[in-house]
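4 protein chains.
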Amino acid sequence: MSYNSFGNLFRFTTWGESHGPALGAVVDGCPPGLALSEADLQPWLDKRRPGTSRFTTQRQEPDAVRILSGVYEGRTTGTPISLMIENVDQRSKDYSEVARAYRPGHADYAYDAKYGLRDPRGGGRSSARETAARVAAGGVARLVIPEVKIRAYLVEIGGIAIDRSRFDDAEIDNNPFFCPDAGTVPLWEAALDAARKSGSSLGAIVECVADGVPAGWGAPLYAKLDSQLAAACMSINAVKGVEIGDGFGVARLRGEDNADAMRPGNDGPLFLANHAGGIVGGISTGQPVVVRMALKPTSSILTPVQTITRDGEATEIVTKGRHDPCVGIRAAPVAEAMMALVLADAKLMQRGQTGR
Amino acid sequence: MSYNSFGNLFRFTTWGESHGPALGAVVDGCPPGLALSEADLQPWLDKRRPGTSRFTTQRQEPDAVRILSGVYEGRTTGTPISLMIENVDQRSKDYSEVARAYRPGHADYAYDAKYGLRDPRGGGRSSARETAARVAAGGVARLVIPEVKIRAYLVEIGGIAIDRSRFDDAEIDNNPFFCPDAGTVPLWEAALDAARKSGSSLGAIVECVADGVPAGWGAPLYAKLDSQLAAACMSINAVKGVEIGDGFGVARLRGEDNADAMRPGNDGPLFLANHAGGIVGGISTGQPVVVRMALKPTSSILTPVQTITRDGEATEIVTKGRHDPCVGIRAAPVAEAMMALVLADAKLMQRGQTGR
Amino acid sequence: MSYNSFGNLFRFTTWGESHGPALGAVVDGCPPGLALSEADLQPWLDKRRPGTSRFTTQRQEPDAVRILSGVYEGRTTGTPISLMIENVDQRSKDYSEVARAYRPGHADYAYDAKYGLRDPRGGGRSSARETAARVAAGGVARLVIPEVKIRAYLVEIGGIAIDRSRFDDAEIDNNPFFCPDAGTVPLWEAALDAARKSGSSLGAIVECVADGVPAGWGAPLYAKLDSQLAAACMSINAVKGVEIGDGFGVARLRGEDNADAMRPGNDGPLFLANHAGGIVGGISTGQPVVVRMALKPTSSILTPVQTITRDGEATEIVTKGRHDPCVGIRAAPVAEAMMALVLADAKLMQRGQTGR
Amino acid sequence: MSYNSFGNLFRFTTWGESHGPALGAVVDGCPPGLALSEADLQPWLDKRRPGTSRFTTQRQEPDAVRILSGVYEGRTTGTPISLMIENVDQRSKDYSEVARAYRPGHADYAYDAKYGLRDPRGGGRSSARETAARVAAGGVARLVIPEVKIRAYLVEIGGIAIDRSRFDDAEIDNNPFFCPDAGTVPLWEAALDAARKSGSSLGAIVECVADGVPAGWGAPLYAKLDSQLAAACMSINAVKGVEIGDGFGVARLRGEDNADAMRPGNDGPLFLANHAGGIVGGISTGQPVVVRMALKPTSSILTPVQTITRDGEATEIVTKGRHDPCVGIRAAPVAEAMMALVLADAKLMQRGQTGR
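Residue numbers (the numbering used here), protein chains in the order written: chain A, 1 to 356; chain B, 1 to 356; chain C, 1 to 356; chain D, 1 to 356.
Rather than coming from a laboratory, the hints here were simulated on the basis of the structure. Treat the hints with care, as some may be off.
Claimed, not checked - Some chain C residues judged to face chain A by a derived CB distance under 7 Å, without partners named:
| hint | residue |
| --- | --- |
| 1 | W15 |
| 2 | G20 |
| 3 | P21 |
| 4 | A22 |
| 5 | G33 |
| 6 | T77 |
| 7 | Y115 |
| 8 | L117 |
| 9 | D119 |
Cβ coordinates follow ideal geometry from the N, Cα and C atoms, glycine included.
Put together the whole structure using the sequences plus the hints.
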């Protein structure tokens with residue numbers, strides 16, 4: 001976890017800016033012999049792709065991924081897999097305003113403070129456009145863990161939570177919000193339309209679940225599975241909170257309520273609850289791994305906000321670019337990718353250390 | 001972040017089990033020339049030390065830290081600093097029950113599933129006793145960032161939150177709960193006494209704030225400051241959720257409420273709010289860095305819980321060891337240590353890459 | 001140093017196969033604000049480019065490098081720099097023979113043993129073509145260490161050593177062998193012509209010197225400057241030996257001959273000799289850093305060699321591809337690149353840890 | 001490979017100074033379930049121990065190793081193994097001379113230049129005493145690779161090479177020089193006695209061979225097995241050159257002589273030669289892995305040498321401490337340890353990535 005690389009044995013490095021010619025990822029350490037072609041990756045990119053509904057940015061990007069190395073005759077060779085996605089719709093608009101003044105809530109000021117300069121075009125490296133590269137890399141990671149099924153969905157937008165009693169996996173891909181509860185869809189639709197019209201934006205909560213993770217993944221103490229997931233999720237643009245299992249809810253539980261009791265099962269223990277979200281002591285227990293993350297409302301809004309210029313002068317700014325009224329929506333496929341990337345690495349590390 | 005090491009340029013590695021002869025940390029990459037003696041580290045260890053009130057485990061450990069290398073004539077030399085803490089009160093009790101059956105909520109089953117064997121004495125490596133080594137290492141980290149002031153305190157125990165209007169820094173060290181609100185202290189005292197008497201335990205929320213962090217620390221995209229803090233905090237025993245700034249609260253904010261507006265200040269911008277918790281785009285902004293974490297109630301309780309044995313037989317278990325009724329309390333000094341360790345690394349990385 | 005990444009603070013990752021569509025490098029951790037364009041990198045690639053004389057492979061590759069990220073308005077931004085070189089002359093020849101039988105001295109068998117499969121086209125990932133990516137990355141590294149001047153040259157081909165008394169820096173770029181001794185050039189020319197005609201190949205020794213390295217670079221004990229250089233040089237295709245300063249010659253020196261005495265100088269000590277090659281205790285001394293490496297004769301030769309097929313049958317093989325009669329020649333620019341990459345990292349690490 | 005840690009999946013970190021209270025290593029990533037006690041490590045330390053003959057330093061150190069963590073009931077648990085060796089004979093002599101002036105050939109000046117201060121007692125961190133910790137860690141590594149047999153021996157001292165035709169494995173432990181040729185022993189004895197009497201010292205060449213390494217270990221391109229070995233060996237005190245297989249000799253071979261031909265064997269190919277030293281393309285071939293390293297004569301000699309003081313004044317220095325007349329001798333067990341450490345890591349990485 002240094003700069004733009006993530007992972008230990010299964011490691012990926014991303015590169016690229018919002019308005020550069022392309023962006024990509026290099027996946028290193030992928031096991032050899034896995035069947036892999038662009039067709040295995042493209043569906044995941046299509047899920048994250050902008051411009052698919054009125055609730056996401058109107059930027060039109062085909063997000064076509066190319067595999068430039070690491071595959072021979074349709075199989076991974078164990079050498080680095082270079083993935084590239086060309087930017088197509090990087091509009092030649094005028095970025096002089098963004099270059100001049102800092103957009104509050106965006107990384108403009110922080111990048112300038114860190115590096116002394118920045119690429120203002122569409123947020124440069126700090127743009128969520130980079131997550132396309134993660135999703136491509138995550139597609140490779142999924143092939144490493146075929147025993148695991150990962151799905152992410154939204155459980156809350158603008159303070160409106162789903163009704164868990166109506167949770168239906170099959171609904172997730174039936175609406176533009178990755179919403180597992182059909183009854184909540186019209187409420188979110190209305191809230192987002194209202195936000196769009198008023199030039200505002202809404203926050204959201206994404207939940208991501210991995211079924212099929214065997215017990216034993218995660219390397220204590222500083223490559224704990226939950227620690228790696230927290231790092232992975234917190235690195236997603238706009239995420240401000242991460243929780244595992246009951247998460248912040250555990251603070252209100254008593255010890256006897258929180259311990260997930262066990263009974264004998266056919267294949268390992270049968271747990272009577274999953275407050276732990278599938279991870280204890282930083283190691284998977286064989287239960288579903290459950291992570292939730294909170295995403296802030298995008299700071300690109302039409303309401304003027306007070307700010308300062310690069311020269312330190314007071315000014316106001318209105319962000320007119322193409323943006324998502326709720327960045328949480330397109331974060332769902334990104335969360336799945338990060339989960340896959342963390343789990344693929346944990347699997348290889350576990351195999352490496354223990355032979356299991 | 002691999003196995004038992006954390007950090008990039010400023011890196012530490014911990015070792016040791018709850019009932020082994022000793023535990024320790026090796027701090028590598030510490031800048032040379034810093035004044036350092038055991039007396040600089042012992043106060044932090046004393047804050048975390050068990051047995052200081054009836055609200056923490058009754059294990060009696062002096063937690064006296066020894067510096068075995070890396071210091072010459074009272075100054076760090078730039079070579080690895082080996083810190084060792086001997087275990088004194090590792091009681092020779094009978095651990096055959098814990099060796100035979102898995103304690104739900106503890107790492108017993110997960111360690112067995114991962115490694116095929118485990119040290120059952122006091123939880124072995126999974127014991128929170130390991131955090132003593134982090135606190136010692138954190139004491140070294142603090143010397144690297146003298147410009148930063150870090151303080152952690154509890155904001156909630158057993159569902160009882162402090163009253164923020166009564167927040168007083170000076171109170172934090174005046175009570176056994178690191179509670180910044182004197183009015184809440186008796187409530188927590190009563191709740192914890194009741195929990196202790198009924199053989200139960202309570203969850204908690206710890207908040208940790210770093211003042212004085214300059215703008216520009218944190219290395220996007222996968223060594224983002226918030227990502228590193230999330231990994232660091234989630235690696236603390238019993239933590240199930242981490243949030244930065246408004247955290248999960250951002251999910252209910254609108255874009256115009258969440259962006260922290262800026263005005264010209266004397267030394268960098270003057271922010272009109274700190275929803276971001278001092279971090280945007282993974283980089284510090286110069287505002288206070290605010291992180292909060294939720295800790296589950298310890299699973300060592302007197303109520304019998306259903307579980308299985310190593311051989312897969314059904315049984316019940318009651319955990320009789322010495323334990324904290326609220327592990328959140330002693331997590332406060334650990335949270336401070338992890339914050340210091342992350343910030344020290346971020347400072348050196350920033351200096352290395354940019355010369356600033 | 002894991003898989004396809006090298007370096008700590010200044011880190012690069014390469015990808016690509018000999019006959020894939022492209023190859024490249026991602027340089028991560030480059031300081032911001034450095035002037036950088038393709039024109040800064042192309043000259044180094046041109047030095048390594050194949051097909052420039054009859055003494056190197058006849059493969060025709062323009063090796064035009066493109067910068068895909070990390071640069072804005074001609075300056076590095078501190079974000080990852082993606083460099084790509086398209087393969088142009090990957091001939092659609094028949095590789096079924098190489099796919100079927102292992103070429104002795106090539107990585108064919110080892111890759112199969114490791115991965116269970118391999119890309120046989122031109123050696124796939126094991127081809128020295130990958131070094132084009134290193135040379136591009138090395139071009140970026142040079143910008144990080146403008147105080148350092150690096151030059152590599154050949155001191156021996158096919159057992160014919162240069163005459164050190166005729167050493168002339170200015171000659172190095174005057175002949176196709178990077179030979180600093182004009183008198184030796186015709187001898188090497190004759191030897192290589194003879195080797196080419198008989199379908200054979202010759203070994204070589206490359207020396208690489210860095211002037212201007214200040215005292216204090218290198219991080220003991222396992223990121224010692226000489227240790228990093230040894231790793232870097234040994235990773236170059238065909239290198240079988242690496243030495244620093246007097247290298248293997250020290251084994252025959254006596255203690256009083258080997259210690260480089262010091263006298264007071266204007267700017268640090270004035271050394272009376274440089275047996276140490278500019279590195280003592282793994283740290284630079286301010287003297288020129290001198291590394292030498294031995295390169296084996298390429299194993300692609302016209303003489304039939306006994307080998308086995310993938311199925312374990314006995315057979316013979318003659319390698320007919322386009323190859324260098326002396327791979328040592330084109331290793332000189334690669335050695336320079338690796339030296340630059342190691343030094344850039346050492347500089348940033350030193351600055352990070354010590355602020356110097 | 002950063003600072004004081006080495007390795008990827010199987011990683012060790014050393015700490016300690018020559019005259020500090022102790023030194024040690026933390027071995028992280030060791031597979032669980034291996035039988036391990038101090039008795040498994042002590043024999044390797046005894047081989048390296050000083051004071052065992054008149055040809056090594058007269059410092060008396062029992063070098064008794066203690067295991068402080070990571071082992072339960074005689075088996076490794078998969079958690080970090082902390083190894084500690086107390087320093088006993090760190091003589092309270094006067095180091096003011098060494099503190100004041102730089103010993104040429106020693107790391108004194110370089111450490112000062114890097115860190116701005118140094119521990120002058122016995123060389124501090126730069127002392128070869130640190131290699132005791134490597135040898136202890138190497139003892140753990142050997143348990144990870146029981147299929148491999150490693151032996152190191154000297155092949156040259158003071159320019160006197162062994163006669164390879166008299167090579168006898170059984171002789172290696174029969175003399176104080178790890179010399180495999182009984183006929184050479186008296187020659188080395190005489191040369192070393194003469195060097196000792198004249199207050200001088202001699203260089204040496206150590207060869208280290210690993211039998212039983214299966215094909216497929218080593219992770220190209222930057223964790224190549226030969227690259228890791230080169231880094232490991234060059235990190236040993238006084239080593240100035242490293243070569244694999246024929247090493248520098250390959251520079252004088254022709255392609256047809258250098259390729260190791262293969263015939264069908266019972267278990268993988270039967271190689272007709274081993275010019276490659278068991279590594280091609282950075283990956284083991286199943287042949288013996290052969291590495292050789294050159295060690296300089298120690299610079300601690302009785303002949304006065306010109307040098308400068310910390311203040312930059314000209315002076316002379318004579319090093320009077322206890323030292324090895326030929327540091328190459330005690331480097332043999334260290335070379336074995338480094339070989340074991342590199343191979344253990346390569347094995348786990350290979351298993352992690354490929355499952356083989």
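Here's how the hints hold up against the structure:
1. W15: 4 Å, holds
2. G20: The hint holds - C/G20 has a Cβ within 7 Å of chain A, the shortest such distance being about 5 Å.
3. P21: 6 Å, holds
4. A22: Hint on C/A22: holds, closest Cβ of chain A at ~5 Å, below 7 Å.
5. G33: 6 Å, holds
6. T77: 5 Å, holds
7. Y115: 4 Å, holds
8. L117: Result: holds, 6 Å to nearest chain A Cβ.
9. D119: 4 Å, holds
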